[in-house]
Amino acid sequence: MKPSIRILVPALLIGIMLAVGVLQPVSTKARDLQAKKSYHAGANLCLTGAAGELGGHMRDGMLLAANNLNKASKTTHLVVDVEDSAANPQQGVTVFNDLIQNRNDQVVFTCGTSVIQATLSLAERAKVLMLNTSAGGPDLIGASPWLFNDFINTRLEAQMMANYMWKTLKLKTAAVDYRSDAYGSETYDAFKSAWSKLGGKITAAVSHDINAPDQLAQVAKIKAVSSSTQALYIMSAGRDAGIFIKEARDAGLNQPMFGIDGVVSQATLDVAGSAAEGMKYTSAYYNLNSKDAITKEFNKTYRAKYGSVAPNTYFTSYYEGVLIWSQLITYLQKHHLAYNGTNLRLALLKQKTFQGLGGSKVTFGKNGSAKIPAALGVVTNGAFTFLKTIKPPKKPKKGGKK
Amino acid sequence: MLELQLFVNGLAVGSLGAGLAMGFTLILGVHRFWHLAHGAVYLWAAYLTYILLATLGLPFLAVFILIPLIAGTLGGLLELTIYHYLRVRRVHPMVMLLASMGVYIAASNFAGLLFGFDPRVPVTPTLDHAYQVGAISFTLVEILAVLLGLLSFGLLQFILGRTRVGLEMRATMLDEDMATVVGAHLSRARLLSMVLGSALVGWPALLQTVDTGVQPSIGLNAVLIAAVAAIAGGLGSVEGAYLGALLVGVAEMLPLAVLPTEWQSATAFIVLIIFVLIRPTGFFGRTLWSART
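Protein chains in written order, with our numbering: chain X, 1 to 402; chain R, 1001 to 1293.
Everything labelled a hint here was simulated from the structure, so no lab data went into it. You may find that some hints are simply not true.
[Claimed, not checked] Simulated restraints, written as ranges between beta carbons of each label pair:
{"#": "1", "chain 1": "X", "residue 1": "SER274", "chain 2": "R", "residue 2": "VAL1258", "range": "46 to 54 Å"}
{"#": "2", "chain 1": "R", "residue 1": "LEU1069", "chain 2": "X", "residue 2": "GLY382", "range": "30 to 38 Å"}
{"#": "3", "chain 1": "R", "residue 1": "LEU1077", "chain 2": "X", "residue 2": "ASN340", "range": "51 to 59 Å"}
{"#": "4", "chain 1": "R", "residue 1": "LEU1098", "chain 2": "X", "residue 2": "ASN102", "range": "22 to 30 Å"}
{"#": "5", "chain 1": "X", "residue 1": "SER121", "chain 2": "R", "residue 2": "THR1055", "range": "44 to 52 Å"}
{"#": "6", "chain 1": "X", "residue 1": "GLU277", "chain 2": "R", "residue 2": "LEU1097", "range": "45 to 53 Å"}
{"#": "7", "chain 1": "X", "residue 1": "ALA383", "chain 2": "R", "residue 2": "LEU1151", "range": "34 to 42 Å"}
{"#": "8", "chain 1": "R", "residue 1": "GLY1134", "chain 2": "X", "residue 2": "THR168", "range": "33 to 41 Å"}
Just so it is clear, CB atoms sit at the ideal spot from N, CA and C, and this is done for glycine as well.
Could you build all of it, start to finish, from the sequences and the hints given here?
Structure follows, in structure tokens:
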């Protein structure tokens, strides 16, 4: 035997053995996947930046839902392409283009009112469905025929809270601290309108930048009108909200505090500490005590992966978003329609009602927004405690400044 | 009363930034490039504060002593590795600036990967006190910020004015070549200025962490404020950086007595522009840069 053959034959054998060993599990998995058809969705999430603390919950909610649905289905394999907008409209546009052009995603899950507003025209041009399961900016209602909102809108929250403060708590004056972006300022506009219609007075309205290191000036301005202020309403989120709460209490502002869904974040509680006790808030509501199969599966897999820590609202809202997406795919399969943005939108408009998380039905209205229940809660013993559900007003109106 | 409250708040915020600004200007003066990684040292000092207090459970006093030493060590390591490596290759100061920016970005991204983007706040009940004097309110953290700002200023003045290494640093700040001629040890001056300048961010990082927590984005704002204060104070002047930081702090707050809060970020820069137009070299600026270029 020639020396070259003596080397070549064992090398070939080893190569075959390695290839078989390495490729075996892959090929088994590939066979499974071959039997299933893959469907991709883009996720333009705020994994870093100002709202980075929330993006991880959104991504994890989507991935858990996709995983659960993939396990249950023999025909469909859901793939979520996650990218980071950093809650920055400019970066959001870049990411959106990458998702629809390079990854060919036909549906994009989004995050952040400003990012959504920046990418709406792109979605319209490319005929890509946008599913919003987190942003609550008032102007998102009816903003585009390609945008569908399955999250509580802060306009509704502001209206509900105005009613609650005026009618139930008999408060007449309030000071507002809002974040200086679309989310905060449009919510402030909505509250101002609802509150003044009821006869309430806003004693001070102060704004802060996202990720401001402190809010001492904002607190000082409210403190200057403290004697005529009965309530503090926070239209901010996460750490920013926590800083305001802490500094307001430190400055001796002891009025009852209220917040929108953004304050329902561990970051708010971590920063504010005991100062957040008693704060009431509105947020989206998912009844995780429901006994339906979807919620049971959610609870089982969530607890197996994350233990006893309660899921963040955004975790659940994005989980529900994937549930809706999977039902849209089922609709397309049933009607033998191609998987593209136009058909996904058509499917959503036709089906209208979807099975959501917590045993609820998600029904999209003509304005592209689902009417979902809101919860009134309170911070007690360092945790968000559910008080009751509040029905949203029957006809949410589009408006507010752009 | 609103004006007085805003002035007090401004002094506290300015004092917190003073350590950063003095460190930044010291490094800028000796090294002659914009050390943007100063923000990374600040960020990591804050995360290490969190680890020492919350994870390891060390008492506050121990962390108070340890954290400037740790921050100084971080700065020293940067000098001994990246900056020294680049300097022996005689790179342009712009390359140093880019390297520094790279360090900042990498350090903040790494912090995000390691700790996530949720704020980390250690529970420190000993510092959780607020006081009310008449209509003016302030917290223990704000009092400490003012006192530690003054202490840092005093210590730095002492080291620069009364020690041999301080003399070497000052000489290097004025003129590197002449400093070498008169026997200053350049490498030592560079290393010690980086260690000392970085150590100065330790206490501000500690106070920020116990007050409102740390998350990966805090370094950028910190280094920005430090740079603005250094310009207002006069590049290379430690006294100027201290006063510049106070000016920036008060300028951010006081105009809000009459202006809406939307103007907060802009006011400090507007005041800076006006100030620099009136006094281009800042409070105590020398012709440091024109002498070198």
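Each hint, compared with the structure:
no.: 1; hint: X:SER274 x R:VAL1258: 46 to 54 Å; in the structure: violated, 34 Å
no.: 2; hint: R:LEU1069 x X:GLY382: 30 to 38 Å; in the structure: holds, 34 Å
no.: 3; hint: R:LEU1077 x X:ASN340: 51 to 59 Å; in the structure: holds, 54 Å
no.: 4; hint: R:LEU1098 x X:ASN102: 22 to 30 Å; in the structure: holds, 29 Å
no.: 5; hint: X:SER121 x R:THR1055: 44 to 52 Å; in the structure: holds, 47 Å
no.: 6; hint: X:GLU277 x R:LEU1097: 45 to 53 Å; in the structure: holds, 47 Å
no.: 7; hint: X:ALA383 x R:LEU1151: 34 to 42 Å; in the structure: holds, 40 Å
no.: 8; hint: R:GLY1134 x X:THR168: 33 to 41 Å; in the structure: holds, 36 Å
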